[in-house]
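Since chain A is already given, all that's left is putting chain B on it; use the hints.
Chains as they are written, first to last, in our numbering: chain A, 1 to 278; chain B, 1001 to 1319.
Because the hints were derived from the structure by calculation, they are not lab data. Just so we're clear, the structure is a prediction, and the values are computed from it rather than from any experiment. The beta-carbon is built from N, C-alpha and C at its ideal position, and this holds for glycine as well. Please note: incorrect hints may appear among the correct ones.
Residues of chain B placed beyond 12 Å of chain A at every Cβ, according to the derived structure [said to hold, decoys possible]:
#, residue
1, E1018
2, E1029
3, A1062
4, L1116
5, R1155
6, G1179
7, A1186
8, T1193
9, H1215
10, E1269
11, P1272
12, P1274
13, E1286
14, W1291
15, W1309
Ranges of calculated distance between the beta carbons of each label pair, as one might list FRET restraints [to be verified]:
#, chain 1, residue 1, chain 2, residue 2, range
16, A, A262, B, R1027, 49 to 59 Å
17, B, G1039, A, E8, 52 to 62 Å
18, B, T1026, A, L112, 25 to 35 Å
19, B, A1010, A, R100, 51 to 61 Å
20, A, R100, B, P1272, 38 to 48 Å
21, B, A1300, A, G32, 51 to 61 Å
22, A, A103, B, W1291, 54 to 64 Å
23, A, E196, B, E1159, 27 to 37 Å
24, A, R197, B, G1075, 33 to 43 Å
25, B, W1291, A, W63, 48 to 58 Å
26, A, D225, B, E1029, 51 to 61 Å
27, B, R1155, A, A14, 48 to 58 Å
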Amino acid sequence: MSTPASEEEVGHLADTARAVRREIVRMAFRAGGHPTGASLAATDLLTALVFRELRLDPTRPNWPDRDRLVLSYGAASSALYAALAHRGYLPVAELESFGRSGARLPIEVDRLDLPGIEATPGAPGVGLGLAVGLALDQQLRGTEARTVVLVGDEELGDGSSWDALGIAGAQKIPGFTVVVSASHHHAGGGLPSSAERLAERCRSLGFIPRSCDGHDLRAIVATFDELRSVRDRPAAVIARTVDGRGVSFLEARHGRSDRLHARDEAGRAMAELGGALE
Amino acid sequence: MSVSTSWVKASLLEAYGEELAALGATRPELLAVEEDPDGSSFLGPFRARWPDRCLRLGGGTAARIDVAAGLALGGRTVFLHGPALALVARSYGDLRQAVGINRADVKLVATEAGLLTPRSGAPYQLLEDLGLVRGLPGMTVVVPADAPTARSAARAIAEFHGPAYLRLSSEPLPTVTDGSFRLGEARELRPGTDLTLIAIGALVARALEVAEELHRVGVEARVLDLASFKPFDEKAILRAARETGALLTLEEHSVLTGLGSLVAATTSENYPVPVRRLGVPDLFGESGEPWALLDRFGLAKERALDEAWELLKGRGKFH
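The following block holds chain A by itself, in its conformation from the complex (with noise of 0.2 Å):
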């Protein structure tokens, strides 16, 4: 997958994703309101890493030479229901499941309930670290699989996330690529941006730092396809997201109050990504 992305191919990850959007909003009223600006603003970023980037194979989703994808942001999980859900490991219909007693579809994603799920975050930062060990094992192994994680960039501020970056970057991990959802990178007030921020702190720990516009899928596909062929250090990929990208409502919120509890409003946020709600 080394030559650039056609039209068409571009074309269809912009259906793929309004797909998966239209899913998180069927979701998130399902389950009586949950969040949706997270999942909204990385729908294309999970896209464009599910259904190109990484070498996966849902009729075999313990493969021992796959590619990893590890969801640290947590607020994003009805994002990466949606997209293995298409991408055919688990059925779409089991999507209204999401966040039901004993489903395999938690609030926060599990491990050890649905394949495809390689690592259960829980905590801000955790997930991240955990991407880091997986990288780090492959890297011992001298496999070609690599690990990619998606994290928030409020998630950054948590935990022990810088700590990992710098473990990843002091190893040197080959492949390994941290993915920020960038959608506090407004704030500025005279000072660098904090997407420029996150670029050049993730570039002082060893890595490789791109910036990209997180909604233009031919700049995410570009993105990955060339640092793809960086083989001795880690990769971030400080994407500008949108909370509630798609949906032009809940991108008026910047975040704020993003759940969808009203049949009127889902049904209307459904009308703009060209679906209906039942």
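What follows is chain B alone, placed relative to chain A:
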């Protein structure tokens, strides 16, 4: 003269380190993560034999725990080393999330728990570690009393998939067992029917000394080593309750959340008998000469004897 003079003290850390190096030969997936920044001298044999599988990661303990769990999710068995303070107290959240909830095959090998810590005081002398780790679902907990048990415990926890906590005394301890050890089984180190002493770690030797003193005046105390702390041998505890009628627990750990509370809860639910608990009272430790600290914090042999006599008097068996 105390029987302990005939015991030879040996380092649990060194015995463990040698065993880990041997385990490396049969278990290619086994990795050791060293304590940072100094490394651990007892890992010398493993490091010499398996340099590529002995990792020094840097970073803080919380990140090391997360990364170790990630290595385990990749298919490794990871022996993670460090002071109990770092592995359990400073990083409990990461231990719970990354190792516990993920059921990661990480074996935490903790040094410097308890009072017998040569270089530290209250901050390092973790006295509540067993209560914390025992509360984690799926966690196996082992507290060896001597070097041979440290060896066999290392083998035992390598044999199953899942998290474990091995509490290794930093002080050499008298060799009081033959090293035979099985998870879930208490070891009876001395038979007796008048009273049972149940002990873990450094206090197993002390329990044997107390039993010997009692023997001199015609009291036969059973001694159980509960090195397998989780899972623990409920049957052996209840058998002791039925057959000896009174139990005294001895531990180098907070009396609030360790062996004593485990034994008291087990008997009161199933076969209530008098239980007295000898452990560190509700206090932080302090720096000082290790063995003198045991006495100062209420774990002296004389104190244990007093407790034993209280139990025996209560039973009306001895006056």
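Do the hints match the structure? See the list:
Against chain A, the non-interface label of E1018 (chain B) holds: every CB pair exceeds 12 Å, the least being about 24 Å. The beta carbon of E1029 (chain B) sits about 10 Å from the closest Cβ of chain A, which is not more than 12 Å, so the claim that it is off the interface is violated. Distance to chain A contradicts A1062 (chain B) as a non-interface residue, since its nearest Cβ pair spans about 4 Å, not more than 12 Å. Here L1116 (chain B) stays apart from chain A, with its beta-carbon at least about 30 Å from theirs, past the 12 Å limit.
For R1155 (chain B), the condition that its CB be more than 12 Å from all CB atoms of chain A holds, with the nearest at approximately 23 Å. Distance check for G1179 (chain B) against chain A: the nearest CB is about 32 Å away, which clears 12 Å, and the non-interface claim stands. Every Cβ of chain A is farther than 12 Å from the Cβ of A1186 (chain B); the closest lies at roughly 31 Å, confirming the non-interface assignment. Residue placement check: T1193 (chain B) keeps its beta carbon more than 12 Å from all beta carbons of chain A (closest about 46 Å).
Once the 12 Å rule is applied to beta carbons, H1215 (chain B) is consistent with being away from chain A; the minimum gap is 51 Å. For E1269 (chain B), the condition that its CB be more than 12 Å from all CB atoms of chain A holds, with the nearest at approximately 29 Å. Chain A leaves P1272 (chain B) outside its interface by the beta-carbon criterion, the shortest separation being 37 Å against a cut-off of 12 Å. Distance to chain A confirms P1274 (chain B) as a non-interface residue, since its nearest Cβ pair spans about 42 Å, more than 12 Å.
Listed as a non-interface residue, E1286 (chain B) keeps its Cβ farther than 12 Å from every Cβ of chain A; the least gap is roughly 30 Å. Distance check on W1291 (chain B): its Cβ is at least 37 Å (rounded) from any Cβ of chain A, clearing the 12 Å threshold; non-interface status holds. Every beta carbon of chain A lies more than 12 Å from that of W1309 (chain B), the smallest distance being close to 49 Å; the non-interface claim holds. Taking 49 to 59 Å as the suggested C-beta distance range, the pair A262 (chain A) and R1027 (chain B) conforms, at roughly 57 Å.
The hinted window of 52 to 62 Å between G1039 (chain B) and E8 (chain A) holds, with their beta carbons roughly 55 Å apart. Between T1026 (chain B) and L112 (chain A), the C-beta spacing of about 28 Å keeps the proposed range 25 to 35 Å intact. In this structure the supplied range 51 to 61 Å holds for A1010 (chain B) paired with R100 (chain A), their Cβ-Cβ distance being about 55 Å. Look at R100 (chain A) against P1272 (chain B): about 42 Å separates their beta carbons, and that is inside 38 to 48 Å.
Restraint check, A1300 (chain B) to G32 (chain A): a C-beta distance of roughly 60 Å satisfies the suggested window 51 to 61 Å. The beta-carbon spacing between A103 (chain A) and W1291 (chain B), approximately 55 Å, falls within the hinted interval of 54 to 64 Å. Evaluation of the 27 to 37 Å hint for E196 (chain A) and E1159 (chain B) yields a failure: the beta carbon distance comes to about 51 Å. At about 36 Å, the beta-carbon gap between R197 (chain A) and G1075 (chain B) stays in the expected band of 33 to 43 Å.
Taking the beta carbon of each, W1291 (chain B) and W63 (chain A) are about 55 Å apart, inside 48 to 58 Å as hinted. Distance hint for D225 (chain A) and E1029 (chain B): a CB-CB separation of about 34 Å, inconsistent with the stated range 51 to 61 Å. Taken as a hint, the range 48 to 58 Å holds for the pair R1155 (chain B) and A14 (chain A), whose Cβ atoms sit roughly 56 Å apart.
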